[in-house]
Structure formats: structure tokens, C-alpha cells
Amino acid sequence: MTVEESDLVLVKRVQRGDKAAFDLLVRKYQHKVVKLVLRYVRNPAEAEDIAQEAFIKAYRALPQFRGDSAFYTWMYRIAINTAKNSLASRDRSPIKYDLDLTDPEESHGVQTKLQDPDTPEGMALTEEIRQVVNSAIDALPEELKTAIVLRELDGLSYEEIAAAMECPVGTVRSRIFRAREAIDKRLRDVFEGGLGRTEEMV
Amino acid sequence: MTEERDSQLSAMFDDELPGAECELLARRLTRDEALRAQWSRFSMIGAALRAERGVALHDRVACRVQSVVAKEATYGDGTVDSAATSSQPIPATAFQTKIASSSRWLRFARPIAGASIAAGVAAVSIMWMRSDLGGSDPMLASNPVAAPASTSETIVLTPDATTLASNQASNPAPAARVPSNGEPDVYVTPAPSSSPGIAPPARLANYVVAHSEYSGPLSRRMALLGLVAADSDVEVPAEENAAAKGDAAAGAADGP
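Chains as they are written, first to last, in our numbering: chain A, 1 to 202; chain B, 1001 to 1256.
Isolated chain B, as found in the complex (with noise of 0.2 Å):
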């Protein structure tokens, strides 16, 4: 085995090996000092036998030209592929070429894939969200905010939608009606503003008046003084002012 193998480096010096077999010495070469060392032998014995004067039978040539190309840079990709055992050109060329590829489609699909999956997971999140807030949820489900355009929000505090479309048929603006624990079943919060300064009052009173059953008397008490308290301070238009006085006029009409 030693013999055959020796036998081929010894051909392949003379470039005499047949390129597949050539492929596979060169790349045991590469790794193998000892086998490197014949080589360099072999060398020897032609430059001694063809008793070149002059010429100094080392390697320290070698040795310096392979400290600086150590510093230099490796060409290709620096992995020869190792476990091509052919030596036609070709298709190493191709492999780097897929390699090289391969891994530019892959340095570009990875931020798509990720954004992908986290596209993916917010849209899950928002389905997910909307499900919820739509049936599941019965405070959110029985407190729905009126239209912007109207000049005044109703908020009825009756879970069922039923009677909720009911009162507002037959009653558009009722003036808020004391049941018999104290506490309204439809409170009337003042008209939306164009005027920015407005509407977070305007938030703040669908807030309190929404948790309100969930929160003490004194305490709901205290915050629906404060949301009049501001409302007062704020200028309103005239025909915002009349249409708000009409409204509660047609209420203490209708009210029991």
C-alpha cells in the first residue's frame, strides 16, 4: 500500500499520474508531512543529480515563500472541497459556484423569513385579539361607543343588546333614569368636540362611566363632578350649547 502510494508520488512529480488519482495524492499531500517531506526529497535528488552549482540543496526558499503566503489571502472560499477525488476542473467550479449560491440566497431569505414569522405571529395576535374583544369579553361587549358624528354619546349599561336598540328606538337622548340600587341604567355624556382639548374628557367620562359599577359610589360620585366640573370650563359653540339644551329638555320631557 506505502509502496503504491510512493509509487504515485513519484509519478505525480514527474506529472505522469492520471488526473483522479493526482486529485486524491494531492489532497493526502496537503495534509501529510511526511509525504510532503519525500516530495521535497525527490526535488533534491534531481537538483543533486543534474549538480546544479550554485544552488544550495534546502528548502529555505520554500520555507520563507510559505511563511509569507501564509499572510496573504486564501483564494476561493479557503474549504477546498475535500471530498472531490476527480481532478476535472469543472466540477469543483460548479460546487463552489452552488456553494457560493446557495449560501447568497440564504444570507437573503433569512430576514424575509423572519419578518415572515413575525408578520405571522402579529397577525395570529390580532386575530386572536379581535375574537376576544368581540364575543368573550361581556364588558366590552355590552359598552359600545356611539358614532362620533352624534352630538351626544348614550352609554347603556344593560348587557343585552336587545334592550339596548330598544331604548335607543325609543328614546334617541334620554335623560338618565335611576333604577332602584341608585344607579342609572343610561347616562348621557356630553357631545364630542371638534376641539382637541376636548376629547380626552370626553374618554376619560367614557371610562369612568363604563367601569363605573365596578368602582364605589363615592368615588363615582367624585370623578362624574370632576368630568362636569371640566366640561363647564370649556367653551362650547352655540349651536353645540342649544342642541345639548334641546336634548336635555326632550329628556326631563320623556323622563318618568
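If we strip away everything but chain A, and leave its shape as in the complex, we get (with noise of 0.2 Å):
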């Protein structure tokens, strides 16, 4: 299996001069960094930004992006760089933590205390959403449940959850798709028609 491959495919599109391929990443990455910019801002608003600012430096950045490192460490560097000197310029000090930040690995799980970004029907939609992905997840069957949960909240890759549930690889990606499938379509027969862009809606 490759690693991290899917996001060097869309980073060469987007140096091939693809940008739908970038507004990919941004999405697939968005929600992360955001939660990752929230540790140093306080404001929700202005955590999404600097999340956006750090997301068009990247951009601008991206033909010198060599593939060296996963796409994601890069960002998240980026965004730390962001939010540091967004503190700095207004001579504001970061949120205290006794973790590393800088390490991804390390700050995975880290949990902020913060007030929710948005709107009341913003606030609304967030937390209904959560409850019809948590109502879905509690109605999978276990085999689906633990692989989404081990990919989604552990961060494991395929292989590593195959090893885990004693299951070939290939059975690990059917059920993470499956259990993402029955999730999905609990949130379009909630929502009606999805929630592919909740722009307009929040």
C-alpha cells in the first residue's frame, strides 16, 4: 500500500496547475487545522483565518513542495508559522500547553476548551451533526464500528488495522467504507441532499 500517496497525487495536480485538486486537500484538511490553529487563538473566528491564511501561503508555496515529507506535516507547519506570527503581530502570547505542539503525534488527542465558532445556527448544525454521526457509528455493526473508529480516532493505517482485527487488508478498506457509507447516507436522509458544501446552509 502507498503512503500519503493520494495527497502527493493531488499536490502534482495542483502543481500541474489543477487548483480543483487543491480545494481537495483543503477540504479533506481543513477541519485538522483548524482545530490546530485553536490552540493558539482563542477566537474561533479568527482561528478559521489564519487557517484560511495559512492554507493560501501553502498554496503559493506548493511548487516547491518536493514530496519529501507527507503534505499534511507541511501544513501543519505552516499553520504553527501562521498562528505564531498572527500572535506576534499583535504582540499576544499562545495558549499555554505542557505538549509539544509542534509534534503532531504528540498533539493528536489534545482537546481544547473553547466556545464553539460559530453562529447559533452554526453551533446548531455542528452539534446536530455530531449527534447523527455518533447515532450512526452506535448503529454499525462491530466489525464496522471498530474499523472506523481505529482509522478515524486512532489514526491507524489499513495495515495496522488488519493486524489489529486479524483481517486482511483488503477487508479492513471495505469495512472502513462501509461504515463511512451508512454514516453518510444517515447525514443526507437527515440533511437532504447532503452536506457537501454547509456554506449556504450555515
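None of these hints come from the bench; they were simulated from the model. Each residue gets a CB set at the ideal place from its N, CA and C atoms; glycine is no exception. Heads up, a few of these hints could be off.
Said to hold, decoys possible - Where chain A lies over chain B, by a calculated footprint (3+ residues, C-beta under 8 Å):
#1 1004-1014
#2 1061-1071
#3 1115-1127
Both chains are sitting in their own frames, so use the hints and assemble them into the complex.
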């Protein structure tokens, strides 16, 4: 199996002039980047602004990206630097943590105690999505639930999940896909037409 | 088919799809908004599962970034190789380089090719005109122009070149002979001078004499008179004047 190959394929498409490929990378990592920036700034709206700035910086620097590291690791550094620069420009101090926030592995499970960034409608929508996803997870068969949790919460690769569940990698792929499909179907049923672009809804 | 594609999408989202399939699906993703929406929902499901507090489950950041990136410069030449099915980076780069180098070559070759065509057309035109002047035009062929080194120009209005040669051999500076129809066979025009002011009348005289057989007798005489008058106005050097007089005397002695 490949490691970070799909990101690299998308990066190379961007480098060849495909802006839509960069949109896919942003959609994939926007939540992670906002979550990361929220450890440096308190205001969720400001965190979104910094995340936006970080992605734009990444786009401008993408021709220099050679794939020596994973795209998200590279993006992670850009986001942290952007957040730090934003704080320095306003002469403020970042939120102090005992953990090393520059280490993606170490900071993976850190939960911030912050308020929801959105309007009341946006907050309600976000909460509703969470409830739907959680209820859909609960309704999944045990093997599907385990596979998706190991992937999304623990961040294991398919090979590691296959080793943990003692099944072929192909079965892991199928289980994760079926779990996502079930949750996605539930989301589409609840929100009629899906939640691909929720800007208008929010 | 759709299930297989969705399965591939899920694997690609997890960076677990083989490169070749990844490239194909990436190409489709960039064109299919429904598929991109599904991609977004996969991201949202992960964020919801991780209970990322403070993170709104929407695409606002992506929307903003997309609107800014749309105004940014496009990398490469903006034409992504839609035919590429492999994820190997080298062929795509080689393809781009090949396209760029060929277009660069064409950029230089195009004006050169245009100039070559123009030069070829000009050469053909010159050759055609030369061949036309040399043989087919009886008017120009029968009016040879004497060498500029000679002190006088003799224009013979006989179409036959052999006649011209015999005339020149027997009579280097003949006087004007008047045939039965009143038109002379040979005209002696004043010798061209090095002075630039004299050259135009000499050329004009040549022209008038050469075309005299096509003009009326009255207009021909008027033109000749005008030429003689113009020539008399010009100061002729003493040597040239003496030579001209000698030529005239010799012509009178050889005349019929």
C-alpha cells in the first residue's frame, strides 16, 4: 500500500495547474488545521482566518513542495507558523500547554476547551451533525465500528488495522468504506442532499 | 460500479489507494462536484468522530480559500494532463517539458518558415522575370543598352541581333540613317556624363528612342527636340565635346 500517495497525487495535480485538486486538500484538512490553530488563538473566527491564510500560503509555496514529507506535516508547520506570526503581530501570547504542539503525534488527542466558533445556527448545525454521526456509529455492526474508530480516532493505517483485527487489508478497506457509507447515508437523509457545501446552510 | 468508486474514494481519503487508481479518481474528483461533496462529508465524519470542539463542521474555510486561490496564478501551463492515468510523477513532468520545448521550438520556427517562404517566392519571381526579360519580350531584347564606358549610346531598332552586330562592327559611331519610311535605323544619343544631372535626360532619351516606333511622328519629334534642347543646356566637358564632334564628323564621312 502507498503512504500519503493520494495527497501527493493531488499536490502534483496542483503543481500542474489543477486548482480543484488543491480544493480537495483544503476540504480534507480544513477541520484539522482549524483545530490546530485553535490551540494558539481563542477566537474560533480568528482561527478560521488564520487557517485560511495558512492554506493560501501553502498554495503559494506549493511549487517548492518536493514531497520529502507528507503534505499534512508540511501544512501543519505552515499553520503553526502562521498562527505564531499572527500572535506576534498583535503582541499576544499563545495558550500555554505542557505538550509539544509542534509535534503532530503528541498533540493528536489534545482537546481544546473553547466555545463553538459559529453563529447559533451554525453551532446548532454542527451539534446536530455530531449527533447524527454518533448515532450512526452506534448503529453500525461491531466490525465496521471498530474499523472506522481505529482509523479516524486512532489514526491507524489499513495495515495496522488489519493486524489488529486479524483480517486482510482488503477487508479493512471494505469495512471502513461501508461504515462511512452508512454514516454518509444517514447524514444525507437527515440533511436532505448532503452536507458537501454547508456554507449556504450556515 | 458506484460502490466500487465510493470504495476507492474512501481509500483515497485515507491515503490507501494505489497510485494509478488515485490519479484516475483525482481527475474525476476535480470534475465531479457530487464526488467532491462526498469527499467533504468524509472529512466531516472524521471531524465529528474526533469530537473536535470549536471546529465548525462546514466548508467555510474551503470556500474562502477556493475563492482566493481562483484569483491566484495557475501553476504549470494550466492544462492538466487529463490523459495521464499513472501516478508516476516523471511521465507527467516529461510530458509537460516536451510540450513546453516543442511550443518553444515552434515559436522560433514559425517566423523562419514564413521568411523562407517569402524568400522562395521572391526568388521564383526574380527568376521568372529574368527569363521573361531575356527571351520572350521582343521589345526589350531588341533594345540593348551600350556599356556605360562608351562615350556614346547607340540604339539599333532592328530586331535581329546579328544585324546589330554587323552594324556595330562596320560602323562604331554611325550617323542616323533614314530608311524609306522616314524612321532612322540607328540613333546616336549623347554620351552619358559622370554628372548626375545628365543621367536622367540620357535615360529619358533611351526610353523615348526605344519606344519611338510606338509613338506618333509628331510627339516623337517633340520629345527628341526637347531632349536636344536639354542636352545643349548642359555644359559638356571639353574632352567629351571634342569626342562628340569627332564622332559626328566620322559619322558624316561614313554616311550614305
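Handout entry: 8 Å C-beta test of the region 1004-1014 of chain B against chain A, three or more residues
Key = holds (count 7)
Practice task
Establish whether the coverage given for the region 1061-1071 of chain B by chain A is satisfied; the threshold is a Cβ-Cβ distance below 8 Å, and no fewer than three residues must meet it.
Solution key: Satisfied; 9 residues make the cut.
Exercise for the section: Apply the coverage criterion to the region 1115-1127 of chain B and chain A: a residue qualifies when its Cβ sits closer than 8 Å to a Cβ of the chain, and three qualifying residues are needed. Expected result: Per the Cβ count (0), the hint is violated.
The earlier numbered hint that this structure contradicts is number 3, and it is the only one.
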